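Just so you know, the sequences run in chain order W and Z. This note's numbering puts the first sequence at residues 7 to 478. This note's numbering puts the second sequence at residues 91 to 322.
Just so you know, the hints here were simulated from the structure itself, not pulled from any lab data. As the structure is a prediction and not an experimental result, all values here were calculated from the model. Each residue gets a CB set at the ideal place from its N, CA and C atoms; glycine is no exception. Keep in mind that a hint or two might mislead.
[Said to hold, decoys possible] With a cut-off of at most 27 Å between alpha-carbon atoms, the simulated BS3-like pairs for lysine-lysine come out as follows: (1) 259/Z to 251/W; (2) 66/W to 55/W; (3) 259/Z to 230/W; (4) 259/Z to 287/W; (5) 95/W to 66/W; (6) 281/W to 159/Z; (7) 243/W to 237/Z; (8) 237/Z to 287/W.
[Stated by the list, open to error] Computed footprint of chain Z on chain W, listed as stretches where at least three residues anywhere in the stretch have a Cβ under 8 Å from a Cβ of chain Z: (9) 181-194; (10) 318-331.
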Amino acid sequence: MKDIVKKLDRAFNPRSVAVVGDKREMDYMWLRSLANFQGRVYSVQIDEKELPGIKALGVKNYFSLLDIPEPVDYVIVAVPRAVAPRIIKECIDKKVGGVMLFTSGFAETNTEEGIRLQEIITEMAREADLNLIGPNCVGIFNPKIGLRHAEDQYYGDGGPVGFISQSGTHATFFSLVGALNGIKVSKSVSYGNAVILDCTDYMEYLAEDEDTKVIGMYIEGVRKGRQFFTSLREIAKRKPVLIWKGGQTEEGTRATASHTASLAESPLVWDALIKQCGAIKVDSLEEMVDTVKALLYLKPITGSRVGLCAMTGGQSVVITDAFAKAGLEIPLLTERSYQEFASFFTIIGSSYRNPLDISSNLMPMDNIIRCIDILNEDENVDSVILELSVAFLTRIARFIPIFFDELIDALALYKARANKPFLTILVSAHAETEAIEARQKLVERGIPSFPTFERGAKALKKVVEYYRFQSL
Amino acid sequence: MVVDEIISAARKEGRTYLTELESKQILKEAGINTTEIGLARTKEEVISLSREIGFPVALKIVSPDVLHKTDVGGVKLSLNSEEEVGKAFDEIISSIKAHEPTANIQGVSVQNMARPGTEVIIGMSKDPQFGPVLMFGLGGILVEVLKDVSFRIVPLTRRDAREMIKEIKGYPILEGYRGQEPANIAVLEEFLLKVSDFVERKPEIKELDINPIFAYSDGAMAVDARVILEAA
Numbered sequence: 007m008k009d010i011v012k013k014l015d016r017a018f019n020p021r022s023v024a025v026v027g028d029k030r031e032m033d034y035m036w037l038r039s040l041a042n043f044q045g046r047v048y049s050v051q052i053d054e055k056e057l058p059g060i061k062a063l064g065v066k067n068y069f070s071l072l073d074i075p076e077p078v079d080y081v082i083v084a085v086p087r088a089v090a091p092r093i094i095k096e097c098i099d100k101k102v103g104g105v106m107l108f109t110s111g112f113a114e115t116n117t118e119e120g121i122r123l124q125e126i127i128t129e130m131a132r133e134a135d136l137n138l139i140g141p142n143c144v145g146i147f148n149p150k151i152g153l154r155h156a157e158d159q160y161y162g163d164g165g166p167v168g169f170i171s172q173s174g175t176h177a178t179f180f181s182l183v184g185a186l187n188g189i190k191v192s193k194s195v196s197y198g199n200a201v202i203l204d205c206t207d208y209m210e211y212l213a214e215d216e217d218t219k220v221i222g223m224y225i226e227g228v229r230k231g232r233q234f235f236t237s238l239r240e241i242a243k244r245k246p247v248l249i250w251k252g253g254q255t256e257e258g259t260r261a262t263a264s265h266t267a268s269l270a271e272s273p274l275v276w277d278a279l280i281k282q283c284g285a286i287k288v289d290s291l292e293e294m295v296d297t298v299k300a301l302l303y304l305k306p307i308t309g310s311r312v313g314l315c316a317m318t319g320g321q322s323v324v325i326t327d328a329f330a331k332a333g334l335e336i337p338l339l340t341e342r343s344y345q346e347f348a349s350f351f352t353i354i355g356s357s358y359r360n361p362l363d364i365s366s367n368l369m370p371m372d373n374i375i376r377c378i379d380i381l382n383e384d385e386n387v388d389s390v391i392l393e394l395s396v397a398f399l400t401r402i403a404r405f406i407p408i409f410f411d412e413l414i415d416a417l418a419l420y421k422a423r424a425n426k427p428f429l430t431i432l433v434s435a436h437a438e439t440e441a442i443e444a445r446q447k448l449v450e451r452g453i454p455s456f457p458t459f460e461r462g463a464k465a466l467k468k469v470v471e472y473y474r475f476q477s478l
Numbered sequence: 091m092v093v094d095e096i097i098s099a100a101r102k103e104g105r106t107y108l109t110e111l112e113s114k115q116i117l118k119e120a121g122i123n124t125t126e127i128g129l130a131r132t133k134e135e136v137i138s139l140s141r142e143i144g145f146p147v148a149l150k151i152v153s154p155d156v157l158h159k160t161d162v163g164g165v166k167l168s169l170n171s172e173e174e175v176g177k178a179f180d181e182i183i184s185s186i187k188a189h190e191p192t193a194n195i196q197g198v199s200v201q202n203m204a205r206p207g208t209e210v211i212i213g214m215s216k217d218p219q220f221g222p223v224l225m226f227g228l229g230g231i232l233v234e235v236l237k238d239v240s241f242r243i244v245p246l247t248r249r250d251a252r253e254m255i256k257e258i259k260g261y262p263i264l265e266g267y268r269g270q271e272p273a274n275i276a277v278l279e280e281f282l283l284k285v286s287d288f289v290e291r292k293p294e295i296k297e298l299d300i301n302p303i304f305a306y307s308d309g310a311m312a313v314d315a316r317v318i319l320e321a322a
């Protein structure tokens with residue numbers, strides 16, 4: 007076992023968890039989030055007023071971590087900041103596997119007291135080699151064992167995506183938004199002020215984690231930058247790593263004497279680092295979700311030629327704009343493909359040059375599949391994109407209620423036999439409610455969908471670039 | 091080693107800015123091709139050095155106190171004879187004395203005039219998080235206006251060097267746009283790798299600009315350079 011795995015294994019895969027300082031005021035959010043935890047849960051609370059509420063949740067309470075009659079693998083700390091040093095001391099004495107400080111009010115407040123307390127706990131943890139996560143974070147999410155940091159997160163089955171986030175919000179949102187998009191987390195960690203453990207440690211840990219096939223990161227700043235660079239360079243060769251760098255603005259003006267120093271702004275250096283390591287740059291939660299989805303659901307390709315199939319003329323124009331703008335190519339099809347189209351395709355009100363406008367060919371539904379089959383077979387095409395217009399499909403559903411379900415069945419069969427990456431763009435227009443339902447059905451069948459042409463195009467472009475880099 | 095001597099001499103004088111002469115001597119040691127350069131303190135030395143290097147030559151003031159040599163009349167280019175060189179030497183010295191009376195003048199550098207080529211820049215600065223970072227771009231005065239540059243973190247692989255050259259928007263110019271002389275990309279890659287290797291070995295160097303480098307189809311030459319040291 008690698009050192010980093012040995013070091014963090016108990017914290018990420020705990021068999022016993024203690025929550026220190028959970029209270030009614032927070033609706034016992036921590037104990038509640040552990041309702042489906044696969045191991046033992048303990049509470050540590052000294053406030054008598056809180057004890058009945060903890061008891062009502064069926065959790066045994068102790069007055070000190072040291073009173074718990076077994077080793078504690080992972081500790082969640084939600085006490086006021088002034089109490090934090092005392093709890094850290096108990097964690098050290100108890101030899102816990104890891105401790106997560108939900109407690110905030112440290113250096114991030116930029117107050118004398120906050121900075122002082124942070125120095126105290128950092129010094130204590132460093133000296134004792136304590137695995138301190140945070141402070142000012144929500145810590146680990148390991149769905150497989152029901153270790154969560156929010157009650158609305160899933161549990162039971164995990165997924166293939168490891169997520170590392172300096173922010174608690176982004177860790178939570180990635181898990182929830184991801185789930186709606188067919189993306190589940192293997193393990194995630196929100197790590198806040200990173201006084202002891204930093205993103206490099208978590209990245210190195212997840213690189214060794216067998217359940218983790220893709221690593222996503224939200225980073226505001228990094229300590230040990232050189233180690234981060236060296237590790238990322240090595241890890242990105244084994245697993246796709248996506249980096250969303252928060253805080254793109256430059257830290258004031260710097261006095262520099264050379265051209266190079268005046269031009270080497272931090273965001274540009276980050277961009278260079280990501281490129282150089284073969285990692286993938288994303289700039290928002292949406293891009294993170296889209297790109298992870300493309301990595302998980304699209305067959306790996308290095309070719310950038312797309313076959314585009316839109317449901318109306320206007321959309322066939324703008325889908326082309328969007329994919330071209332993202333840096334993808336929209337080639338002419340082979341003569342053979344054009345001959346096949348000529349044998350059945352209604353050209354009045356439609357066209358099949360590439361992009362395809364299939365508005366007059368939506369029925370029978372087999373026509374849609376036939377069109378994307380031809381694109382899949384065409385040797386000028388590397389990947390196939392189909393617009394699903396929820397607005398128009400909803401109209402058809404008025405007289406053929408099962409049309410959409412049958413279409414999804416047919417698309418799932420198509421996807422299973424297609425040898426090229428296939429993605430859909432689920433254009434909702436005004437039919438937003440129906441779009442949510444449609445997306446859910448697509449997710450269930452493993453068919454990736456994107457809400458706009460631009461987002462689909464960007465995600466495809468990013469994975470093409472990723473595979474290209476790795477193939478060279 | 092010349093580099094360590096230059097650095098310790100600058101340190102002794104409390105300087106962090108190296109002169110062009112010192113910077114080029116350092117680059118030569120790093121394996122970077124630069125113009126032939128020597129220091130002359132007197133008119134006689136200037137003339138004999140010019141003869142040695144071969145006409146045409148350029149003269150530039152060597153003074154740690156003069157940062158923008160051209161602005162104060164400290165540069166004379168394309169000098170074709172001993173007479174021209176002697177006259178230029180006098181003009182430089184009197185111009186510096188007029189503009190910067192307190193400047194410590196070490197002398198005048200004599201260099202051969204490099205044949206013009208496509209101007210590129212290679213530079214290094216230190217990122218507070220990631221350490222030394224190399225920059226590549228179209229050089230000369232264009233670098234400030236167009237900012238058509240790319241970055242990579244040290245140490246560079248050959249692939250990094252190749253990709254950072256290809257990444258700039260002006261890459262077609264290096265390929266020889268519309269019949270212009272193309273730049274030898276392999277040589278530029280080699281420059282980048284040598285600078286990467288060098289700055290990794292010399293943490294005393296804080297910033298570095300080699301600008302311009304004249305890129306030719308059969309090589310490249312550093313025409314001006316500036317090295318800045320870390321504070322002692």
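So, against the hints stated earlier in the document, which numbers end up violated here? Violated hints (numbers, rising): 3, 6, 7, 9, 10; every other hint is consistent with the structure.
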